[in-house]
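Protein chains in written order, with the working numbering: chain B, 573 to 1109; chain X, 1298 to 1500.
Everything labelled a hint here was simulated from the structure, so no lab data went into it.
Backbone N, C-alpha and C define an ideal beta-carbon position, used for all residues, glycine too.
Treat the hints with care, as some may be off.
[Stated by the list, open to error] Listed next, the stretches of chain X that the computed footprint assigns to chain B, with coverage defined by at least 3 CB atoms under 8 Å from CB atoms of chain B:
no., region
1, 1308–1320
2, 1325–1337
3, 1422–1429
4, 1432–1439
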Amino acid sequence: MNAAVSPMSYLGAGYSLRSWLTTQDHKRIAILYAVSITAFFFIGGAAATLIRLELLSPHGTLVTAETYNKLFTAHGVIMVWFFLIPSIPATLGNFLVPLMIGAHDLAFPRLNLLSWYLYMFGALFTLAALIAGGVDTGWTFYTPFSTMFSSSYVVATVAGVFIVGFSSILTGLNFIVTVHRLRTPGLGYFRLPLFVWAIYATSLILVLATPVLAMTLVLLAAERLFGIGIFDPALGGDPLLFQHLFWFYSHPAVYIMILPAMGVVSEVITCFARKPIFGYHMMAYAIVAIASIGFLVWGHHMFVSGQSMYAGMTFSFLSYLVAIPSAIKVFNWTATLYKGSISFAAPMLYALGFILLFMLGGLTGLFLAALALDVHLTDTYFVVAHFHYIMVGGAVMAYFAGIHFWWPKITGRMYSARWAQFAAVVIFVGFNVTFFPQYLLGIEGMPRRYHDYPSEFQVLHVFSSAGAAILALGYLLPFVYLAWSLRFGPPAGANPWNARGLEWQTPSPPPEDNFPSKPDIPTRPYDYAAGAAAAST
Amino acid sequence: MSVPHRSSVGEFGMWVFLASEMLFFSVLFFGYLVTRLHHPLGFASASRHTDVVIGSVNTAVLLTSSLMMALAGRSAAAGARRSAAGLLAATAGFGLIFLALKGLEYAHDAQHQLVPWRDFSLAFEPDAGGTRLFFWLYFIMTGAHALHLLIGITLVLTLMVVVARARHAIRHAETVEIIGLYWHLVDVVWIFLYPLLYLVSRT
Chain B
573 MNAAVSPMSY LGAGYSLRSW LTTQDHKRIA ILYAVSITAF FFIGGAAATL
623 IRLELLSPHG TLVTAETYNK LFTAHGVIMV WFFLIPSIPA TLGNFLVPLM
673 IGAHDLAFPR LNLLSWYLYM FGALFTLAAL IAGGVDTGWT FYTPFSTMFS
723 SSYVVATVAG VFIVGFSSIL TGLNFIVTVH RLRTPGLGYF RLPLFVWAIY
773 ATSLILVLAT PVLAMTLVLL AAERLFGIGI FDPALGGDPL LFQHLFWFYS
823 HPAVYIMILP AMGVVSEVIT CFARKPIFGY HMMAYAIVAI ASIGFLVWGH
873 HMFVSGQSMY AGMTFSFLSY LVAIPSAIKV FNWTATLYKG SISFAAPMLY
923 ALGFILLFML GGLTGLFLAA LALDVHLTDT YFVVAHFHYI MVGGAVMAYF
973 AGIHFWWPKI TGRMYSARWA QFAAVVIFVG FNVTFFPQYL LGIEGMPRRY
1023 HDYPSEFQVL HVFSSAGAAI LALGYLLPFV YLAWSLRFGP PAGANPWNAR
1073 GLEWQTPSPP PEDNFPSKPD IPTRPYDYAA GAAAAST
Chain X
1298 MSVPHRSSVG EFGMWVFLAS EMLFFSVLFF GYLVTRLHHP LGFASASRHT
1348 DVVIGSVNTA VLLTSSLMMA LAGRSAAAGA RRSAAGLLAA TAGFGLIFLA
1398 LKGLEYAHDA QHQLVPWRDF SLAFEPDAGG TRLFFWLYFI MTGAHALHLL
1448 IGITLVLTLM VVVARARHAI RHAETVEIIG LYWHLVDVVW IFLYPLLYLV
1498 SRT
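All chains, please: the whole structure from these sequences, using the hints.
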């Protein structure tokens, strides 16, 4: 049972490439996703590296203006759709949801594999378009530039994103049905880990928002190919219509990225503070509230687009409303830490980093939700800094927290604790050096998406680029020590963190069938206090 | 340990998928609404040129197909193999009639030069932008609907073969129910397309 890969483990179920590409085991499909999104993370990161190199000097000489536009578009498209959206749900969610609810697999294992193939096909299709000629519209594909003026590969790019959308929809559908129907008897909704709540809420957004993007992209492609005019004012269309439809998906998409991150952090914080989560019910309701209100705030991307003043006021108010459940979460994590028996293992460092960075990203979001202030800050580096604090500081940090927390469960091996802690600190420092100067750049008026800038801004840009170098190093470190652990790491055992979830009751790595015997259902989730009392007696 | 009740899992999954489908079509309905608000005149005059006879007959055809589908579900649940397979064939048959009539209608539209990308006959009406956008939306909306119907027909025909060959039709009752849900959604979408494209502003 303690052997790293016992023959009964899911990793030992087959070693050939074919056995992986035809698997219907949710754990193996999670690994397929993990490998693919890691590749896209590094491709998107390479684009970001070139952007930061170009911005080292005010009149950059590394790439032309046109190439620069294609670089930030490639960076955005790849990071949003091929890394962040599938990141936590498709890897950790796929691996953990059935384990956490005591099930053998997801409700539709074959559909799960199909999702991965759709993802790969769509993503590689778009990648080919990006390499063959690139797109210069930005990841937002705003009309009329994307439909009339851009001479780049718009249709091919959105075709790939359209296909990846179906992968998202099917993944979300699978999770929703699984959580409703496959919970082991006795595991009621309010005994579920918050991670499962988070993946469930995320799935609702995947299923209900993604089709809107899909149809919008169809209209965009038709407009570009045939000149329909539905988005073109010259032909009687409405250019704002595209923005409304696009943000109806793309704002909730932010919650697709951050809700699973919140789920991961809730699991990690409780384990390394050795305390039950503070206000479990409120935490669950807050997840659902963020997902629901998140559908009603898209117009805050359009304060300067010419929508009516009253629409602007409504969207501003609703955006402030999202701050309430978000604040509940931050306060409750903090209250969980209070008087906890805290240890700073690597997953905990990443999770604490998440809380700090998410707070900064969330609070600066309130600046942007304010009607008057947004007029000054919109389309500046302030926006860039804000959403990178949420998506990279928030979502990616939490993804790393999750990977480090469940690595022993997934692989059966322990990694070097020291190196992991070191990497967490490097990433945290590198991230702040990269993106904090961008808040200042934005306040001073540096617009986003410009490859040429007045020399006053250079000092802050150099800081940002230097930070990016540190950040890149930080991201490479886990790649090395995690790979090292696969071969040389000591066996982890079933429950190295002495954690409480059902997934820790099965051997590491889990057997193909997930549980050798029926797991014990705790009377309440995160029962760390009871465990501590039992250990001390 | 939970033993998944496969069939109920499948039906629930279809309901979730239908929710997704509704949001998919909602983009077109929302686009129609916004464009109509911009062009009340053009939309009113253009919608008088759609073929209301074929549109109405097709509505009846599609509703009948849904009745056949519902009856097929009952037959399968009762284990009546032959009647279930026959009703599924009828369902697909009415679906094909709908598509054939739709094709005929498209041909008429082309004859009357209602195709916005080729000698558009309404190009000189007041609010020509509105008439053009109406017919673009008409083709996109009915086209998206026809595509869904085509998928539905393929599913129903496949299911018919499976049921006809099955030893116990009752084993496939749940599948008939699931495919039926999809079929009815395609029907419901048409129920909204019909008044929007054929009836509103026709006096």
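Checking against the hints above, which ones are violated? Every hint satisfied by this model.
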